[in-house]
Structure formats: C-alpha cells, structure tokens
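Make a model of the complete structure from these sequences and hints.
If you read the protein sequences in the order shown, they are chains A and B. Quick note, the first sequence lines up with residues 1 to 519 if you use my numbering. Quick note, the second sequence lines up with residues 1001 to 1141 if you use my numbering.
One or more hints might be untrue.
[Claimed, not checked] Covered stretches of chain B (chain A as the covering partner; in silico rule of three or more C-beta atoms under 8 angstroms from a C-beta of chain A):
no. : region
1   : 1068 to 1080
2   : 1099 to 1105
3   : 1118 to 1127
No lab work stands behind these hints, which were simulated from the structure alone. Think of the CB as a built atom: it goes at the ideal place given N, C-alpha and C, for glycine as much as any other residue.
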Amino acid sequence: MPVVLPPNVTERDFQKALDAFAGVVGRQWVLATDEDRASYMDIYAPGNADEHIPSAAVGPQSAEEVQAVVRIANDYKVPLWPISRGKNLGYGAAAPRMSGTVVLDLGRMKRILDVNERFGYCLIEPGVGFFDLFAYLQEHKIPLWMSVPANAWGSVVGNALERGYGYTPYGDNTRNICGLEVVLPNGEMVRTGTGAMANSPCWQLFKYGYGPSWDQVFVQSNFGVVTKLGMWLMPEPEATLGLNMQLPNPDDVGWAVDELAPLRLNGVLQQSPSIGNSLRIAASQSQRSEWYQGDGAMPDDVLRTVLDKFNLGWWSINLRLYGYDDVNEAHAKIIKAAFAKHTQKQFEVVKWHRGDPIGNSGAGVPSANALQMINWRGGRGGHLGFSPVLPPTSEHVLKQFHSTKKRYEEIGVDYYGSFTLFERSVTNINLTVYDRDNAAMTSKVRALFKVLVDDAAKEGYSEYRTHLSYMDEVALTFDYNNHALLRLNETVKDALDPNGILAPGKQGIWPKAFRGSRT
Amino acid sequence: MSAKQRFRSLAPFIVFAVTMSAAIGIGMARPGFPQAKPSSDSPQQLDEGNKLFHARCGYCHLAGGTGTIMLGRRLGKDHALLEQRTDLTAAYIKKITRVGLNSMPPHTRIEVPDSELDLIAAYIARLPSARTPPPNGVTHE
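Below is the structure:
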C-alpha cells in the first residue's frame, strides 16, 4: 500500500517528523507499517475507505507528550487526527477526514485519575473505555452509574466529545462534561471552567468558570486535543422500574412520541428512551438469508413473519424510571394511562431494587453486542449512520420515518431506524447495513446517504453527527446567513491553528492551509 | 428487548468485569499487567495471557459475546469460543488481530501492544490439537 503523505509535505520532512515523534514517545509507539496504517482505516466504510487513509499513527502516553507531538507537527506542518480509542463506528472509526493525516492515538492514556463518590463525578483520560470505568466502579463498589451507548466498546471521553448518548437520566453524555484539560494547536495547555484556577476544588463541580465557557467548544471540533475530561456520574438510585412494550404497527411510533414527549419534558420520564424498529432485535438473533434471499428491501410480509417468530412488534419501547420506589410507581401509573388511550397491550414491568444484580437495573452496563447487527447481510458487514434531529411530534417523526423508509426501499436496503426522545428533540438514528464486498450495494448506500441529507435539509433537519465522508456536506446544510456559522468556526480555527495541523476538515471545519480539500 | 434478553446480553460482561478488575487502577500509568516478554507458554505467562484475553478480547469473545455468536453461526458451536479452540495457532491469532476478519475490525498495536498480543496468542493456542477442524472446508491458515 503506497504511503499517502500529508498535502504539501515532502517525504523527507515527513520522515523527520516521524523521527521527532519517536524521540518523544519512543520508536515503538510510532506506527507506520502498511499493516499499521490499514488498522486505522474505516473498516466499515461503504466502499470509500480510500478517501481517508492515514499516513501513520503516534501514541503519546501523557498530556506532556501530546504537547511535544503537537509542537513537532507544527514544525513540519504535519496534520494530526486525535482519537481516543478510535471506535467511532459507523461514523469513520479511527480514520482521519483528510488522507495523509497522522492519527494521534490517545489510547495509551488510560488513567482513571479521580472518582468522587460524594459529589458524583470522575476525571479520566481519553483512553479509558466504558468497560474500564465500569469495571473500576464495580471493583471499588462505588455506587455511581455510568451512561453507556448501545455499543460500548469505545472511549468515555471520545463518546462524550462526539455527542454520544446512553439511556439513563444522565444519558446526554456531552451535557455531563464538567471541566477539560486541553492541548491547543500551538502546544499550550489549558484547563476549562474553574480548572483555570490552579488550586480550584470545583473543577468537576461547576461547569462554567468565569467569562466564556469553553467545554462545548472542544466538542465535535478541531480546536484542541482533550487530554483529561471531568464527567458527572449518576448516584445509584434506590430502585428502578422498567416498562417494556412491543408496538405492532409502523405508525404507532407517532402516538408514542406524542404521549411521551410531554412526560419527558415535565420530568415524569427522566431518561431518553429509544423507540427502535424491532429488526434491530431480529438482526441480533438471526441473519437475513434465513428469512429472505431476494434482492431489494425485505418485503413487509416477510418482515412480519420475522417479527412474529421472535414475538416482536414493529417497534420496541423500553422505558425506565429511576429513583424512589413510590415515585417510580406513581410515574409508571401516569405512563400506563397515557398508553392505554391507544392500545390495550400491557407493559412488561421490570423492577430492580438496590442490592439486586445490576443486570436488570437499567444502569449503564457496557456491551459490545450491538455490533451483532452488522452481520445481518452476511459477508463482510459494514454500517453507516444517518442521524437527523427532529422536533418531538408525531407529525415530524412519521413524515421522516416514512420518507426514510421509502428511500431505503428505493435502493433495496432494509430499514433500520430508531427515535430517541430527549426533552425537546428526537434524534433519529438510521443505520444502513451492507456487505462491504458488494460494490453495487455500497455504491447505492453512498448515493442514498446524500439523498437522505438533502431530504432532511429541505425539512430543516440537521444531523447530530455524521460520517467523515459527509462532514462537508452536512456542514453546508447549516446555511443561515450564507453559512455564517462555518465562517465563524473557520475564523476561530485559523486563529488557534494557523498551520492547520489539528484534524483538518473535522465537522467541515477546514484551516486555511487545507481549505482547498473541502469537497 | 425484554429483561431476560437484556440479561443474556450481559453474560460476557459479567465474566469480563471480574477479570478486568485487576487491569485498571487509579493513578496507574498503564494497566496493571506485568511487562510482557516474547511469547512463552510458562504457566505464569499463560495466566497473564488469560487475563489479557479477557480484558482485551472479552468484549466480544466470551460466552454470549458478538464474536462468539458470529463464529458459532459461521463455524458451528464447537468453534465459537476462542478459549476452547484447539485448531488455532499463535501466528494465526496474531495476524487476525492485526488485520481483522469479516466483521471483526483490526486492532492496532496501541490498543493491543505486541507484547500483550504474544501472551494472548500463546494462551489461545495452548490447547493441544484434539478436535476436528472446522466444518465446510473452512481453513484458518
């Protein structure tokens, strides 16, 4: 595999930069063989992994080493792509936006620096995975709960910085960030919030500090490398109460959102439930070929057979109440009454009390089993996420659902979607699952994605997160005042990063040096 | 997902959490595994390989994990659990870890350093060949 050098960097300078990196981190942590480069590519890409080829990777072990690497990158004008654990699966994994970029792999920085039971927070480095933090809390019997995403193989820091979410009342992982340590593109280190005071006891207690609050500026951005992150954790509740239901019909998602949205807003429901089409569950327990061998999207009657076999409805809803037993019971009564207006089905009720095994609790327990679904089509599976944000009403949800499902059917891909209800919005995650070795299929998927972005933009819906290949396209849908936000972002980018060495192109933000690479 | 299904999905974690607990510690610069030497099958190093396998690979390759499920579908239940396989060489384990296989992504040398992978591979390859190779003519080398 030929080495793709960073733009405008000679082979000689590139090699000198790698040598200088090795002088900081040690030769063994500069990864530049063909096999190394391949291991950082987007394994699940729909046939276009070669648009995002890294030139090498470098793995510092400390924030000080990150500073040194960043300064060297400036010296040689070699761009860096920071990753925490590189598990941004469905959105590009560990690969850089711009080919030739060196991956700055923070996976060796995996210290859990502090866990404060009394105030409910932790301070961690980017390499700490969900499994790592969970094991630590369990081992030390610390009654704090995490929020974990469906696939919890990745980094706690990385997930929060990409606006990932879980399903407890602390499910909005980005909102739980409290205090960052950041290496800026010039190598200077800053701490945000009250961490900007050298002796503050409140770094993980008070988010805002004094003056502008910077935590969120380093989320989904290329303005700095986060080397430590404070995260609020949820105190273990006295009890939880789960309400699970299978909704039989496609349009049931509409009334479910209308009923749940006000309850989510007024706090009867404190977590953000995911209403997912039940193919998600069927795909974890079987493969498509067991049901259907034809081309095109699986017909509705076949899908019904699949769902009947597993005793599933068209949608699955899992609600969970957290807190005191009596309060949970009262809230459950309100939710049951709301659903009774539309269905005679009864909720499956799951109760957990402190001291019971955690598996049934609704705590954030990490699992990587969500990956099972990429085996649905057989072959070498891949998946791509399309994730627009909508107002929480049946009108918006049903329109978007039917529009997306129709687009999937037009190109012959099975619809696979979910609606996660937040206080004032719904995030609609749609996955396309494909066989990476089927070039015709991946080509269609790439075309589908562009159509979906355009369709959503016409409705005024933005994506909350997107794959590397579509970062520019999505950024351009933010078009108010002739893309004033993009101009602001790039003004800040150029001020902080005049050489453009940090993650060029991330979220469509290009530094002056590489602005010609915008697609 | 029903409560029962959800609990089943936790099965790999339950083993994982126990074995992982030794690997993480406050203020530790690196996981608490001894520095690895080149591949060896001494009892102590096999034990280290066991712990590392559970910590690094257990997400998917313990009972109930997604890798175990996928292997079971492709090769049969007798070949689903890597820890029980008798047909895998250390060299093969190391190669697949680095380059991936089917839906399994490659693992970088930072995620699983060579020194750790040597121990993991020696652990998985520890059992003498006693079983039949996978069905359907699928080979691993």
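Here is what the structure says about each hint:
A count of 3 residues in the region 1068 to 1080 of chain B with a Cβ less than 8 angstroms from any Cβ of chain A is obtained; the coverage claim is therefore met, three being the minimum. With 5 residues bearing a CB less than 8 angstroms from a CB of chain A, the region 1099 to 1105 of chain B meets the requirement of three and the coverage assertion stands. Coverage of a stretch by a chain is defined here by at least three residues with a beta carbon nearer than 8 angstroms to that chain's beta carbons; for the region 1118 to 1127 of chain B and chain A the count is 0, and the condition is violated.
Comparing the model with each earlier hint shows a violation of hint 3 alone; every other hint is respected.
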